[in-house]
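Turn these sequences into a full structure, and let the hints steer you where they fit.
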Amino acid sequence: MTSQAPHRFAQRHLLGIEGLSVADIEVLLAMADEAVTVSRQVEKKRTVLRGRTQINLFFEASTRTQASFELAGKRLGADVMNMSVSTSSVKKGETLIDTAATLNAMQPDIIVVRHGQAGAVHLLAKKVDCAVVNAGDGTHEHPTQALLDALTIRRNKGAIPGLVVAICGDILHSRVARSNILLLTALGARVRVIAPSTLLPVGIERMGVEVYRDMKAGLRDADIVMMLRLQRERMTGGFIPSPKEYFHYFGLDEDKLAHARPDALVMHPGPMNRGVEIASAIADGAQSLIKAQVEMGVAVRMAVLEALAGQMGKG
Amino acid sequence: MDHRPLAFLNARLLDPAAGTDQPGGLLAHNDVIVDVGPHLRAGTVPAEALIIDCAGDSLAPGLIDARVFVGEPGAEHRETIASITRAAAAGGVTTLVATPDTDPPVDNAAMVDFLLRLGRDKGRVRVLTTAALTRGLRGEEIAEIGLLLEAGALAFSQGAHALRNAQVMRRAMTYARDFDALVMHLPQDADLAADGVMNEGELASRLGLAGISTAAETIMLERDLRLVALTGARYHASLISCKASLELISHAKARGLPVTCGVSINHLALNETDIGDYRTFFKIAPPLRSEEERRALVQGLRDGIIDIIVSDHCPQDVETKRLPFGEAAFGAIGVETLLAVALRLVHADDLPLVHLLRALSLRPAEILRLPQGRLAKGAPADLVRFDPDEPWVLQAADLHSRSRNTPFDDARLTGRVKQTWVAGTLVHG
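Listed in order, the protein sequences are those of chains U and B. For the first sequence, the residue numbers in our numbering are 1 to 315. For the second sequence, the residue numbers in our numbering are 316 to 744.
Think of the hints as simulated: they come from the structure by calculation, not from any bench. Glycine included, every Cβ here is placed at the ideal spot set by N, Cα and C. Be aware that one or more of the hints could be misleading.
Unchecked claim - So these bits of chain U aren't anywhere near chain B, every CB distance computed over 10 Å:
{"id": "1", "residue": "Arg8"}
{"id": "2", "residue": "Glu18"}
{"id": "3", "residue": "Glu60"}
{"id": "4", "residue": "Ala120"}
{"id": "5", "residue": "His122"}
{"id": "6", "residue": "Lys157"}
{"id": "7", "residue": "Gly158"}
{"id": "8", "residue": "Val211"}
{"id": "9", "residue": "Glu233"}
{"id": "10", "residue": "Pro241"}
{"id": "11", "residue": "Ser242"}
{"id": "12", "residue": "Phe247"}
{"id": "13", "residue": "Pro271"}
{"id": "14", "residue": "Met272"}
{"id": "15", "residue": "Ala283"}
{"id": "16", "residue": "Ala307"}
Unchecked claim - Rough simulated footprint, nothing fancy, chain U against chain B, three-plus residues with beta-carbon under 8 Å:
{"id": "17", "stretch": "562-573"}
{"id": "18", "stretch": "629-640"}
Said to hold, decoys possible - From the derived model, a few chain U residues whose C-beta atoms are all more than 12 Å from chain B:
{"id": "19", "residue": "Asp223"}
{"id": "20", "residue": "Arg261"}
{"id": "21", "residue": "Pro262"}
Written out as structure tokens, the structure reads:
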């Protein structure tokens, strides 16, 4: 499907991959392809969001996602304001709904939200009049990450249907994994998850994935190896015995990667724990798409912002 | 007191004690039932009696709700004795049993006396109370069980939390046994439940919410039942939420242990999918389980493994519920809707009306050793008149509780309370 396709993106918010149709996803990816072209030109500035106000509301610290949304908004001509709430009003007892009401009164057009609680972005979306983009809610969803991963895969592999995608690591706590499972299975990929059982959500097999506890078996014939970040506080004793043991069984090194297809590509949403979930040689190697993901991130966020802008004022 | 006798005529008499469901009349005088049966008609009641024509409506013993957070003292912004008893009267509940987790907790005789007096002075219905099983509900030292009983405490409980230390639980049960005191306990292992906020399973995984396994309940319940076998204490599992717990209770009863259990109306009427899009009014403890578990609980009620149904009334204000699901407080209100929601089971043909009423009045009375819960001569004239077939739509704003956190807002209900009497006095309708 191309941008001339008849389907129009008809969502008011982007709260998750859940709730998007395949046609919605195809529209966003097609728009993102165009945004890549724009972003590679010397003149990157467009005007579809001119006069619009975008607020990046981050209750959790983030460098790359916030920067990516900021750049995307600015390339489309929006006025972008960044708010990091973790250090300000929440500490003073202000609730999420208070914050939403305050921001709403400032008449923004788009609010991009990251919050540590699953469902918090849905709650906020009910309380404001503008478009809301989920930039990560607890361990629930991170839809723009999944879209940028899909875009990266498609541009490097040509098509997604039939590809074997192995997602490895802390599936339990990963919103990236949930969004990617929903998106990639919807687009026809065969998705595997690879993790020790303590890092797998209950019932994950009913989300249409194959589950592996042995990484080499899980990587066999994989086209895409998607590594997840393991949070430091979860490395010692609670879910896995130690970073050392984790790397031994679930860290991506040359030996394990050799079980995937020879043309397999490696991805990571960042930031990486080198030597814990991924060896440096692979992260920086020829099979790595990690830098491409960052570029696609800006493009996908431009596509999402533009698609939502297209819905504004339609009641 | 020497009021005129009350004659309830043309009623559908539902007596869970006798297991009867028949047309007839009831005569009450001086706060007790003096006669009841099909023989009571217009011509057979005393001439001076005040006639109440029930017009075919059901007349049953007032409900006994054995698990209610009453708010006073300490949480008057969430509930007061005045508001909760008004809600109870409107719901046909004539006896409330308070949980001891007020602030300060009900862990000394003066507090029991205070609550009972408050109930008499400010309450429309009977307010009774449980007391803390351990001092300050801290789970460390046994409370003054003997003195608390003498002050009028009905049973001993840890409120919304389980007693973690098995040794303390064992000693508390051993000591309670000497007084033949009832221990009511909410079995949920705090370490296993950890930061969970809903039922563990596919749905929680999809929503990205931390789950609570049924094992958190069954492990604690099994521990308690072992301690019952060891100590001989009378034990009531306040709330169970899954089939595996039913099996444990059933087995304990078959062994002859002095064990009973309750279930909240929410677990009989709702399941985890009601949480939908992170609706915090459905965040309760123990969590709503799967439909399969709900069906099993209904079956357990039918089989008599579950003894009583409670509202587990837990008022929460807006500030503690209008939050992201993970941060919102647990709990739902339910006293006022207890009967109407429970009637869903009757309309779904899950069990006969008189059987349902056993779990709402007779069995709690038996477990708590109260004279209520019967349509019999000498029993208190605590009565509810209701039309089990009247359809209506619940509006949360119409409820009498100080809090609005009902999971049944906008729900279509069939069956409505019309009038409620406590000790022969009309308190609603």
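Evaluated hints:
Its beta-carbon lying about 24 Å from the closest one in chain B, U/Arg8 satisfies the requirement of being farther than 10 Å from that chain. Distance to chain B contradicts U/Glu18 as a non-interface residue, since its nearest Cβ pair spans about 8 Å, not more than 10 Å. Look at U/Glu60: its CB is around 12 Å from the nearest CB on chain B, clear of 10 Å, so calling it non-interface holds up. Against the 10 Å criterion, U/Ala120 falls within the reach of chain B, whose nearest CB is about 4 Å from its own CB.
Taking the minimum C-beta to C-beta distance to chain B, about 6 Å, the non-interface status of U/His122 is violated against the 10 Å cut. Distance check on U/Lys157: its Cβ is at least 27 Å (rounded) from any Cβ of chain B, clearing the 10 Å threshold; non-interface status holds. Interface exclusion of U/Gly158 from chain B stands, the closest Cβ pair being 30 Å apart, more than 10 Å. In this structure U/Val211 is separated from chain B by more than 10 Å, as the shortest Cβ-Cβ distance comes to about 12 Å.
Chain B leaves U/Glu233 outside its interface by the beta-carbon criterion, the shortest separation being 13 Å against a cut-off of 10 Å. Here U/Pro241 stays apart from chain B, with its beta-carbon at least about 19 Å from theirs, past the 10 Å limit. Distance check on U/Ser242: its Cβ is at least 22 Å (rounded) from any Cβ of chain B, clearing the 10 Å threshold; non-interface status holds. Every C-beta of chain B lies more than 10 Å from that of U/Phe247, the closest at about 26 Å, which supports listing it as non-interface.
No Cβ of chain B approaches the Cβ of U/Pro271 within 10 Å, the least distance being about 21 Å, so the stated non-interface status holds. Even its closest Cβ contact with chain B, about 23 Å, leaves U/Met272 beyond 10 Å, as expected for a residue assigned away from the interface. Under the 10 Å C-beta cut-off, the non-interface status given to U/Ala283 relative to chain B holds; the minimum distance is some 27 Å. At roughly 22 Å from the closest C-beta of chain B, the C-beta of U/Ala307 stays outside 10 Å, upholding its exclusion from the interface.
Note: the stretch 562-573 of chain B has 0 residues with beta-carbon separation from chain U under 8 Å; the three-residue rule is not met and the coverage is violated. Counting residues of the stretch 629-640 of chain B whose CB lies closer than 8 Å to any CB of chain U gives 5, which reaches the minimum of 3, so the coverage claim holds. Residue-level check passed: U/Asp223 sits 25 Å from the nearest beta carbon of chain B, beyond 12 Å. At roughly 29 Å, the least C-beta separation between U/Arg261 and chain B is larger than 12 Å, which holds for a residue marked as non-interface.
The claim that U/Pro262 is not at the interface with chain B holds, since no C-beta of that chain comes within 12 Å of its own (minimum 34 Å).
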